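**Q** Residue numbers (the working numbering), protein chains in the order written: chain A, 1 to 76; chain B, 101 to 176; chain C, 201 to 276; chain D, 301 to 376; chain E, 401 to 476; chain F, 501 to 576.
Take the hints with a grain of salt, since some may be wrong.
[As the list claims (entries may be wrong)] DSS-like mimics (lysine-lysine), calculated; alpha carbons at most 25 Å apart, straight line:
#1 Lys530/F / Lys440/E
#2 Lys340/D / Lys240/C
#3 Lys76/A / Lys440/E
#4 Lys140/B / Lys130/B
#5 Lys40/A / Lys476/E
#6 Lys276/C / Lys340/D
#7 Lys240/C / Lys176/B
#8 Lys330/D / Lys340/D
#9 Lys40/A / Lys430/E
#10 Lys530/F / Lys430/E
#11 Lys40/A / Lys176/B
#12 Lys130/B / Lys40/A
#13 Lys540/F / Lys440/E
#14 Lys240/C / Lys130/B
#15 Lys440/E / Lys430/E
#16 Lys440/E / Lys40/A
#17 Lys530/F / Lys340/D
#18 Lys130/B / Lys30/A
#19 Lys530/F / Lys330/D
#20 Lys540/F / Lys530/F
#21 Lys340/D / Lys576/F
#22 Lys476/E / Lys576/F
#23 Lys76/A / Lys140/B
#24 Lys376/D / Lys540/F
#25 Lys330/D / Lys230/C
#26 Lys40/A / Lys30/A
#27 Lys230/C / Lys240/C
Hints were generated in silico from the structure; no laboratory data involved.
Since the structure is predicted, the reported quantities are computational estimates derived from the model, not experimental observations.
Chain by chain, the residues:
Number of protein chains: 6
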Amino acid sequence: MADTWLPTLITNTPQEGFELAITLSRRGVKYTQPDVNVLKSLRPEYANSADSLTAASHVIAINFQTVAAANGYWRK
Amino acid sequence: MADTWLPTLITNTPQEGFELAITLSRRGVKYTQPDVNVLKSLRPEYANSADSLTAASHVIAINFQTVAAANGYWRK
Amino acid sequence: MADTWLPTLITNTPQEGFELAITLSRRGVKYTQPDVNVLKSLRPEYANSADSLTAASHVIAINFQTVAAANGYWRK
Amino acid sequence: MADTWLPTLITNTPQEGFELAITLSRRGVKYTQPDVNVLKSLRPEYANSADSLTAASHVIAINFQTVAAANGYWRK
Amino acid sequence: MADTWLPTLITNTPQEGFELAITLSRRGVKYTQPDVNVLKSLRPEYANSADSLTAASHVIAINFQTVAAANGYWRK
Amino acid sequence: MADTWLPTLITNTPQEGFELAITLSRRGVKYTQPDVNVLKSLRPEYANSADSLTAASHVIAINFQTVAAANGYWRK
């Protein structure tokens, strides 16, 4: 992937940081399966499964740990 | 999601921090599947499965690590 | 849940900290499924499955990381 | 459990720390299923499954993070 | 593996760090199954499964935590 | 296990650290199932399964976090 999609881990707010964690989670999928059509075809599989949604939230939680630490937890 | 749902990671007590961790876990699901009706329809699937409940508790535990660190573990 | 069940993460000993980690893990389940009767009915499902017990120990391990860090690992 | 099984997280060597991580992982199981006979009966289920053994090693790895941090990674 | 594939964890940008996390994740697989032909034959199995892709993204997220910490989160 | 297999977490390079993480992951399995013949018999089960290989890489990633932190991320 030649484009720049991650110039920094710094965000203005915790919520933007959480959204960046979602981006990181999706990019982890996309690097492994770059075909957008395949990804779209898989969406019903996980978007309608409680366990798959929990697994997605799990990955987001891990990436949010990283983003939150990078931002000093937006303490100030 | 245009609304502000995460203005800060700081909470007054560990228990409020744990409840924020639950919010984060649910938001991770909701960003992936925003349709509230689908989410409601999936509830019986995981709320009556021991393994699904353990998986939910797992995600909460990870988010609680983040919130607890942000709050300096409420040491004072 | 209106009651106060988590006033602090500080414990006197590592063992009490481990037991607090178990409480946190169980609360993560209980917030998701508050019906005690359902929880009781699910017990045979996980208490007799090696993989479910490993998953339970996994969540405890993550919560113990949090509690141990909060207590400075009880080093003194 | 009334007995004291975890007086400290400090160990003399990394290897003893790894073995303490195993103890923590097993205790996480035992708090959830205290019946030793049940635990013994489950052993063939996980001790002969590659995925179950990987899951066991996973929990040990998480507990080892905690023990290693407690010991300052035995750097000196 | 005699070749040097990991001389440093330091990268110039977060995005390069994320790509290094992908490399680490793949190497973890390759050390366990060094046969490239087997790895290729398994690709359809996980590249077309939502849950497998989420699991891959999960491992990347964990390795990215390590790389990000190593780089001080590229804060400057 | 009476032999000394983990005298230190310090390694000269990140790559040696990654290989130590693999050793830790395997030892976690071996402590749970010490019978080498059983372990060998299980190899085809996980070495030819994409999900099992991802799970193996997952455990390595967690142990690598520990080893990397122990070594100050080999920053100098």
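**Q** Taking the hints in turn, state whether each one holds.
**A** Hint check results:
no.: 1; hint: Lys530/F / Lys440/E; verdict: 28 Å, violated
no.: 2; hint: Lys340/D / Lys240/C; verdict: 23 Å, holds
no.: 3; hint: Lys76/A / Lys440/E; verdict: 49 Å, violated
no.: 4; hint: Lys140/B / Lys130/B; verdict: 11 Å, holds
no.: 5; hint: Lys40/A / Lys476/E; verdict: 37 Å, violated
no.: 6; hint: Lys276/C / Lys340/D; verdict: 37 Å, violated
no.: 7; hint: Lys240/C / Lys176/B; verdict: 37 Å, violated
no.: 8; hint: Lys330/D / Lys340/D; verdict: 11 Å, holds
no.: 9; hint: Lys40/A / Lys430/E; verdict: 28 Å, violated
no.: 10; hint: Lys530/F / Lys430/E; verdict: 20 Å, holds
no.: 11; hint: Lys40/A / Lys176/B; verdict: 49 Å, violated
no.: 12; hint: Lys130/B / Lys40/A; verdict: 18 Å, holds
no.: 13; hint: Lys540/F / Lys440/E; verdict: 23 Å, holds
no.: 14; hint: Lys240/C / Lys130/B; verdict: 28 Å, violated
no.: 15; hint: Lys440/E / Lys430/E; verdict: 11 Å, holds
no.: 16; hint: Lys440/E / Lys40/A; verdict: 23 Å, holds
no.: 17; hint: Lys530/F / Lys340/D; verdict: 18 Å, holds
no.: 18; hint: Lys130/B / Lys30/A; verdict: 20 Å, holds
no.: 19; hint: Lys530/F / Lys330/D; verdict: 20 Å, holds
no.: 20; hint: Lys540/F / Lys530/F; verdict: 11 Å, holds
no.: 21; hint: Lys340/D / Lys576/F; verdict: 49 Å, violated
no.: 22; hint: Lys476/E / Lys576/F; verdict: 18 Å, holds
no.: 23; hint: Lys76/A / Lys140/B; verdict: 37 Å, violated
no.: 24; hint: Lys376/D / Lys540/F; verdict: 37 Å, violated
no.: 25; hint: Lys330/D / Lys230/C; verdict: 20 Å, holds
no.: 26; hint: Lys40/A / Lys30/A; verdict: 11 Å, holds
no.: 27; hint: Lys230/C / Lys240/C; verdict: 11 Å, holds
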